[in-house]
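Trainee: Sequence:
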Amino acid sequence: MHLATTRVSAIRRSLAALLVDELRLLPGIAVDPRRRTKFSLAPAAEQRLTNWMTTHLQVTWILHPVPESFEEDIIKRLTPPLNYDYATKGPYAEPLQVHRDQLLARVGA
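According to this note's numbering, the stretch in the sequence shown is residues 15 to 123, in order.
Because the hints were derived from the structure by calculation, they are not lab data.
Treat each hint with caution, since some may be false.
Pairs of lysine to aspartate or glutamate, DMTMM-like flavour, derived with a Cα cap of 20 Å [unchecked claim]:
1) Lys103 / Asp87
2) Lys52 / Asp115
3) Lys52 / Asp35
4) Lys90 / Glu108
5) Lys103 / Asp115
6) Lys103 / Glu85
7) Lys103 / Glu86
8) Lys52 / Glu108
Can you build the whole structure from these sequences, using the hints too?
Mentor: As structure tokens, this is what we get:
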């Protein structure tokens, strides 16, 4: 999911807000008129972001029959800097919101 499309991935939207200039993600951002905080990238920009992610990020996981039963709890405890959905009380939430707002303002949301 997180390597596919920005529209359905909070981490991709956060990374896009932080890397918009470095990865030349503008133009090509389409904002969902029903949900102003969600946007997607043009296909070429999605690919540049995916390439950046596979080069710079590391992932680990565990198997669990019902992962949603504890996902929110783990994220709140670890406070990963790029998780916007559950780490809203962490030290990175406000600066990340500023970057996201700036990106949306640039595309005229």
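Trainee: All hints, please: hold or fail.
Mentor: Results of checking the hints against the structure:
With a CA separation close to 13 Å, the supplied pair Lys103 and Asp87 stays within the 20 Å bound. Only pairs whose Cα atoms come within 20 Å are accepted, and Lys52 paired with Asp115 is accepted, the gap being roughly 11 Å. A threshold of 20 Å between alpha carbons decides the hint, and for Lys52 with Asp35 the separation of about 19 Å falls inside it, so the pair holds. A hinted pair counts as satisfied when its Cα atoms are at most 20 Å apart, and Lys90 with Glu108 qualifies at roughly 15 Å.
For the hint pairing Lys103 with Asp115, the CA-to-CA distance comes to about 18 Å; that is within 20 Å, so the pair holds. Only pairs whose Cα atoms come within 20 Å are accepted, and Lys103 paired with Glu85 is accepted, the gap being roughly 16 Å. The suggested pairing of Lys103 with Glu86 holds, with an alpha-carbon distance near 13 Å, which does not exceed 20 Å. Distance check on the hinted pair: Lys52 and Glu108 sit about 17 Å apart at the alpha-carbon level, within 20 Å; holds.
Checked against the numbered hints above, the structure breaks none of them.
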